[in-house]
Amino acid sequence: MSALSVVLHLDLDSFYAQVERERLRLPSDAAVVVVQWRMALAVSYPARKYGIKRGANVDDIRHLAGDKVTVVHVETIGGESRPDAPGTAHGTEVVNTQKISLARYRTASNKVFASMTAAIANYHAKFQRASIDEAYIDVTREVDRRMRASPDGNRAWPKETVVVGDRLDLGSQVDARLAYGADIAAEVRARVLKDCGFTVSAGVCVNKLLSKFASAQNKPNKQTIVPVSAITALMQDVPLRKLRGLGGKLGKEVEALGVATAGEAAALSMETLEKALGGRKMAAFVYNSVRGKDDSEVIERDKTKSLLAAKSFASQHSLAPVEKHWLPILAEELAERLLEDLELYNRDAKNLVISFRLKAADDVSGMITASRSTPMPAAAVEARASAILSSAVKVLRRAVQEEQFTFPITFIGLTATNFVDRAHVNESIERHLQASGQEANNMHATSGLGKKLMLDGKEAHKRRLQEKADRDLALRLHREESLCGIAKERRRKLGQKSGGAGSSKKARKGEKSPASTMDKFLVRKKDKHRSGSA
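In the UniProt record's numbering, the protein residues as written are 1 to 534.
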């Protein structure tokens with residue numbers, strides 16, 4: 001990113017709590033705490049006035065605020081779950097029979113990001129979905145356009161905007177560009193509030209790293225500009241482990257030099273970092289990060305790369321309880337997420353990854369988390385969960401038969417990955433058929449019995465390909481009808497057109513109901529193959 005770049009980081013305020021507040025139709029200043037297994041997962045800003053913090057126990061929450069807060073448990077699936085019951089706080093007694101579902105938060109997230117992208121639809125901007133409740137927008141080109149249209153830099157920035165250092169030099173091109181960026185951030189935040197009822201905080205700066213730190217400075221429902229002159233002050237007290245890439249082993253290696261914050265690490269020379277970290281590349285990364293320098297681009301992405309359904313559970317010493325209870329729940333959840341993703345993005349996953357945590361057979365390595373990949377089973381919408389379950393069971397059984405694993409098993413996860421647009425799948429089938437047809441046409445030079453045998457073989461191969469294409473097309477039609485309810489609506493409308501009571505008489509006389517698109521398609525294909533074989 002250049003010094004003239006303008007990057008926004010948008011972060012929803014206590015997102016899960018806002019979703020529950022909207023779902024339960026509570027006032028905007030309601031104190032809401034979302035819990036998971038009796039621990040606070042999200043605390044709304046009004047609830048924080050009572051001293052409630054993330055991770056607080058339900059008993060502590062009640063002690064601090066009594067009935068002044070609404071406590072809502074995250075939706076659970078499996079067992080005797082009650083997904084919409086407000087005021088509940090499940091305990092350890094259901095941890096081993098139910099699992100958490102974030103479905104309602106994903107649905108709300110999709111709506112929020114649709115609102116954000118709609119807000120910038122006519123802008124020259126790049127949008128990157130960073131997580132379920134945050135996004136980056138590179139508005140550099142849109143700022144260029146606005147500055148050309150209105151070059152006057154002597155202007156005020158939007159309300160609810162805080163400037164780090166309390167000073168923005170609008171005579172400076174860099175600072176003036178940030179002020180224009182603040183305008184855009186305010187527009188996006190207002191659109192989300194209007195469309196979804198959620199407040200958003202934003203950071204405005206020259207790169208992703210700084211804009212992310214800025215958005216957290218003045219929550220909730222405010223936006224923060226970080227002028228270049230204030231970058232050092234902003235980074236001074238940031239814990240090293242808060243920096244991207246420094247939360248693990250690398251961060252510990254830097255902390256071993258006697259520093260704990262970015263400001264302290266900034267006092268280290270490049271030579272010291274090189275010697276401690278064993279190379280210039282890693283040293284340069286740390287040297288730049290603690291100074292707020294970040295060259296990573298905003299990558300246009302509004303779709304997740306994978307979908308996961310997973311559960312950690314108490315040690316199981318056979319696959320039977322996993323296959324009977326957890327795998328069906330996970331398969332159903334993943335199938336629902338695939339359907340939701342298909343409706344949103346018109347794409348399918350090519351691969352299914354089964355992850356598991358088993359004990360190492362060598363009695364030395366302890367528990368091992370491993371994974372196996374298999375093609376995503378193709379199935380009609382209503383049979384997708386069963387197909388995923390069947391594939392997962394086969395893969396898991398093969399895995400436990402390998403000599404490197406033994407029981408207990410404590411985790412299972414199903415991941416859909418390697419997504420492709422459905423249009424690409426259709427094109428691949430068509431190209432395959434065209435290639436087969438061309439190959440058959442090239443047989444004209446062959447003569448005699450050899451020609452007949454080769455043509456017969458090619459025709460049989462072509463027929464098999466066509467039959468496969470027919471099945472695929474029938475499957476796609478069936479999926480579309482299941483997704484959209486087209487078949488049901490069509491039958492209802494056709495019944496109305498045929499004339500109310502008269503149509504009922506016909507039905508009683510045994511006349512068949514109107515066929516679905518897929519039924520008609522299959523009938524045509526059967527007739528065609530019969531006539532061909534005759």
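There could be a bad hint or two in this list.
Listed below are the simulated DSBU-like cross-link pairs for lysine-lysine, each with C-alpha atoms no more than 35 Å apart in a straight line [as the list claims (entries may be wrong)]:
1. Lys-111 - Lys-219
2. Lys-305 - Lys-126
3. Lys-194 - Lys-249
4. Lys-126 - Lys-212
5. Lys-222 - Lys-293
6. Lys-242 - Lys-126
7. Lys-111 - Lys-159
8. Lys-194 - Lys-222
9. Lys-111 - Lys-252
10. Lys-219 - Lys-242
11. Lys-293 - Lys-219
12. Lys-281 - Lys-293
13. Lys-53 - Lys-275
14. Lys-159 - Lys-194
15. Lys-219 - Lys-252
16. Lys-305 - Lys-111
17. Lys-293 - Lys-324
18. Lys-305 - Lys-293
19. Lys-53 - Lys-159
20. Lys-222 - Lys-305
21. Lys-293 - Lys-159
22. Lys-222 - Lys-111
23. Lys-219 - Lys-159
24. Lys-359 - Lys-252
25. Lys-275 - Lys-242
Simulated from the structure, these hints should not be mistaken for lab results.
The hints, checked one at a time:
Proposed proximity of Lys-111 and Lys-219 is supported: the alpha carbons are some 22 Å apart, at most 35 Å. A hinted pair counts as satisfied when its Cα atoms are at most 35 Å apart, and Lys-305 with Lys-126 qualifies at roughly 18 Å. A distance of roughly 43 Å separates the Cα atoms of Lys-194 and Lys-249; the hinted pair therefore is violated under the 35 Å criterion. A distance of roughly 16 Å separates the Cα atoms of Lys-126 and Lys-212; the hinted pair therefore holds under the 35 Å criterion.
For a cut-off of 35 Å, the pair hint linking Lys-222 to Lys-293 stands: about 24 Å separates their Cα positions. For the hint pairing Lys-242 with Lys-126, the CA-to-CA distance comes to about 25 Å; that is within 35 Å, so the pair holds. Straight-line distance between C-alpha atoms of Lys-111 and Lys-159 comes to about 25 Å, which keeps the hinted pair within the 35 Å bound. With a CA separation close to 16 Å, the supplied pair Lys-194 and Lys-222 stays within the 35 Å bound.
Taking the CA atoms of Lys-111 and Lys-252, the gap is about 39 Å. The hint is violated against a cut of 35 Å. A C-alpha spacing of about 17 Å is found between Lys-219 and Lys-242, which places the hinted pair at or below 35 Å, so the restraint holds. Between Lys-293 and Lys-219 the CA atoms are separated by roughly 23 Å; this keeps the pair inside 35 Å, and the hint holds. Between Lys-281 and Lys-293 the alpha-carbon distance is near 15 Å, which keeps this suggested pair within the 35 Å criterion.
With a C-alpha separation of about 41 Å, the suggested pair Lys-53 and Lys-275 falls outside the 35 Å cut-off, and the hint is violated. The suggested pairing of Lys-159 with Lys-194 holds, with an alpha-carbon distance near 17 Å, which does not exceed 35 Å. Distance check on the hinted pair: Lys-219 and Lys-252 sit about 29 Å apart at the alpha-carbon level, within 35 Å; holds. Between Lys-305 and Lys-111 the alpha-carbon distance is near 18 Å, which keeps this suggested pair within the 35 Å criterion.
Our distance criterion of 35 Å between C-alpha atoms is broken by Lys-293 and Lys-324, whose separation comes to about 51 Å. Restraint check: the Cα-Cα separation between Lys-305 and Lys-293 comes to about 27 Å, which is no more than 35 Å; the hinted pair holds. Restraint check for Lys-53 and Lys-159: the C-alpha separation of about 29 Å stays at or below 35 Å, so the hint holds. Between Lys-222 and Lys-305 the alpha-carbon distance is near 30 Å, which keeps this suggested pair within the 35 Å criterion.
Distance hint between Lys-293 and Lys-159 is fulfilled; the C-alpha atoms sit about 28 Å from each other, no more than 35 Å. Between Lys-222 and Lys-111, the direct Cα distance comes to roughly 21 Å. Compliance with the 35 Å bound is thereby established for this hinted pair. For the proposed pair Lys-219 and Lys-159, the alpha carbon gap of about 14 Å is at most 35 Å, so the pair holds. With a CA separation close to 28 Å, the supplied pair Lys-359 and Lys-252 stays within the 35 Å bound.
For the hint pairing Lys-275 with Lys-242, the CA-to-CA distance comes to about 23 Å; that is within 35 Å, so the pair holds.
Hint compliance for this structure: hints 3, 9, 13 and 17 are not met, and every other hint is.
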